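Listed here are the chains, written in short residue letters.
Number of protein chains: 2
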Amino acid sequence: MIRRLSQARERGIPEATVARLPLYLRALNGMAERGLATVSSEDLAVAAGVNSAKLRKDLSHLGSYGTRGVGYDVEYLIYQISRELGLTQDWAVAIVGVGNLGRALANYGGFVSRGFRVAALLDADPEVVGDHIAGLNVEHIDELEAVIRRRGVSIVVLATPAVAAQQVADRVVAAGVTSILNFAPVVLSVPEGVDIRKVDLSIELQILAFHEQRKTDRMTGGPTMAEEWPEAVDL
Amino acid sequence: MIRRLSQARERGIPEATVARLPLYLRALNGMAERGLATVSSEDLAVAAGVNSAKLRKDLSHLGSYGTRGVGYDVEYLIYQISRELGLTQDWAVAIVGVGNLGRALANYGGFVSRGFRVAALLDADPEVVGDHIAGLNVEHIDELEAVIRRRGVSIVVLATPAVAAQQVADRVVAAGVTSILNFAPVVLSVPEGVDIRKVDLSIELQILAFHEQRKTDRMTGGPTMAEEWPEAVDL
DNA sequence: GTCCTTTTGTGAACCGGTGCACAAAGTGAG
DNA sequence: CTCACTTTGTGCACCGGTTCACAAAAGGAC
Ligand SMILES: NC(=O)c1ccc[n+]([C@@H]2O[C@H](COP(=O)([O-])OP(=O)(O)OC[C@H]3O[C@@H](n4cnc5c(N)ncnc54)[C@H](O)[C@@H]3O)[C@@H](O)[C@H]2O)c1
Ligand SMILES: NC(=O)c1ccc[n+]([C@@H]2O[C@H](COP(=O)([O-])OP(=O)(O)OC[C@H]3O[C@@H](n4cnc5c(N)ncnc54)[C@H](O)[C@@H]3O)[C@@H](O)[C@H]2O)c1
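In the order they appear, the protein sequences are chains A and B.
Residues 1 to 235, numbered by my numbering, are exactly what the first sequence covers, in order.
Residues 236 to 470, numbered by my numbering, are exactly what the second sequence covers, in order.
No lab work stands behind these hints: they were computed from the structure.
Any given hint could turn out to be false.
Covered, in the sense of this in silico footprint (three residues per stretch, anywhere, with C-beta under 8 Å from a C-beta of chain B), are these stretches of chain A [to be verified]:
hint, stretch
1, 20-26
2, 63-71
3, 99-106
4, 139-146
5, 179-190
Since the model is a prediction, treat every value here as computed from it, not as a measurement.
Cβ coordinates follow ideal geometry from the N, Cα and C atoms, glycine included.
With the sequences and hints as input, model every part of the structure.
And the structure:
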């Protein structure tokens with residue numbers, strides 16, 4: 001039982017913890033800007049909107065970086081979390097599908113700030129190919145594999161229409177990319193080992209609507225029993 | 236123990252289930268378009284990308300809508316899920332912050348399709364106010380409360396810069412809205428009873444980067460122990 | 001040094017959710 | 001009507017994650 005710290009760090013940061021680390025990082029960056037040198041788990045937890053015990057347990061998975069009676073060194077913790085997340089290196093991102101959403105993403109400054117660099121924009125529409133957006137030339141989707149290879153793209157953002165998404169995903173995966181952020185409202189099927197994260201606007205709104213309905217039902221003493229199954233239902 | 240069905244339905248659909256219902260709904264709509272009348276839990280589960288036992292358990296929370304030996308009636312299930320999610324009514328959505336992202340959202344057709352109607356666009360920039368986007372006039376943020384009241388807005392989408400988000404959220408909540416979809420990278424603080432869902436691009440990318448790093452580390456037999464804490468760290 | 005205060009790191013109970021596996025319920029053939 | 005087959009609905013064991021609560025560690029006062 002020699003490798004105490006190593007044991008904690010190695011091969012096993014819970015997924016739920018990984019998802020919160022960026023939150024802590026953001027809060028810490030704010031604190032660093034305001035000149036704070038150290039922060040307690042309680043304060044950091046409040047800033048990140050979580051419970052302080054959870055925060056401490058999360059951080060304990062990275063190692064023992066706090067000082068009892070004092071708290072955590074802000075700069076040091078920023079470095080450790082950044083390193084853990086892989087933010088100390090530079091990630092080349094390609095955006096495929098340069099429509100409404102793809103353009104917004106390309107123009108968004110928030111990526112670059114933390115190790116992510118938009119390295120390529122790709123689209124199938126000849127009307128769009130050749131456009132200059134955020135200092136980048138939109139290239140034709142035929143160039144996909146070449147662009148991924150040449151620019152060392154390791155993360156692809158999918159912002160094509162739903163029908164094209166699977167087909168593009170297949171090519172992207174075949175080209176060796178194993179991390180995809182998907183905005184198209186489809187369930188992508190990819191081989192083992194490929195990570196997909198999806199952002200789905202419409203699902204978020206539907207979840208809000210569900211709770212909103214419950215809230216208003218409760219007020220108005222809404223229907224408690226299933227009503228009759230009416231005739232027509234639009235899609 | 237009289238009210239079996241009611242007991243199942245009433246006051247208690249697990250949050251995880253609610254988050255999956257939109258997925259099932261989407262898959263079902265696809266099947267309805269292709270003319271399928273019934274579907275087995277197995278097939279629907281595959282289409283939605285989940286385990287079939289999970290799907291059955293999820294659906295059992297809404298009631299007993301399947302037929303053993305046959306499966307589920309596609310149209311009927313679409314109706315039941317829609318009703319449960321509150322999609323049989325029309326929701327007025329306001330988008331606050333009509334920049335890159337706000338515009339993309341306003342132009343997006345995917346909302347309207349399922350009970351959500353963009354009823355207002357609001358911005359603080361006089362340059363933007365008055366623009367016509369997707370058939371809507373961009374109104375000044377000063378009109379926020381009046382617009383929410385007059386158009387019956389019950390869901391607000393926040394697409395302002397991070398610094399403005401909390402302030403806008405406070406006004407939105409004060410105006411009686413209890414459902415917010417937040418795109419700004421901040422932890423919003425709102426009173427009990429207000430539902431916030433956040434969509435955070437940057438967090439998604441960071442999670443992908445984490446796993447990507449692990450994958451490449453494993454291949455190259457990367458560092459197993461924490462390295463030295465280097466001098467400077469950029470934010 | 002001793003004592004008091006602060007705050008971390010974690011053991012352990014708890015909780016929501018997942019998935020296996022199967023009885024119950026339905027269909028259809030003969 | 002019976003038998004073979006299909007598929008749902010769910011009991012139950014399990015698992016990851018959350019939260020409480022506290023011992024252990026650190027710092028400061030004297
Ligand atoms: N705009 C939004 O706010 C929003 C919100 C939620 C989800 N989405 C989803 O994001 C995706 C993009 O939305 P959008 O509004 O930007 O759509 P869009 O139609 O404006 O843009 C899609 C772009 O993809 C390109 N494209 C089509 N097929 C392609 C292919 N095979 N390879 C490369 N490029 C291809 C098109 O030329 C077009 O430029 C859609 O799947 C949409 O459902 C968008
Ligand atoms: N564009 C993206 O792809 C993207 C991705 C992730 C997150 N975000 C986040 O979404 C938000 C919007 O991004 P964006 O790229 O559209 O920014 P943007 O600067 O293009 O647009 C912001 C808009 O909000 C308006 N605004 C500012 N203060 C306001 C106020 N008090 N009330 C009403 N409107 C106000 C501005 O006038 C501007 O039109 C930001 O918080 C950003 O961090 C954007």
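Against the structure, the hints come out as follows:
Interface restraint, the stretch 20-26 of chain A with chain B: holds (5 residues with C-beta to C-beta distance below 8 Å; minimum three). Judged by the Cβ-Cβ criterion of 8 Å, the stretch 63-71 of chain A is not covered by chain B as claimed, because only 1 of its residues qualify and three are needed. Against chain B, the stretch 99-106 of chain A contributes 5 residues with a C-beta closer than 8 Å to a partner C-beta. That satisfies the three-residue criterion, and the hint holds. Look at the stretch 139-146 of chain A against chain B: 0 of its residues bring a Cβ nearer than 8 Å to a Cβ of that chain, fewer than three, so the hint is violated.
Counting residues of the stretch 179-190 of chain A whose CB falls under 8 Å from any CB of chain B gives 6; the rule of at least 3 is met.
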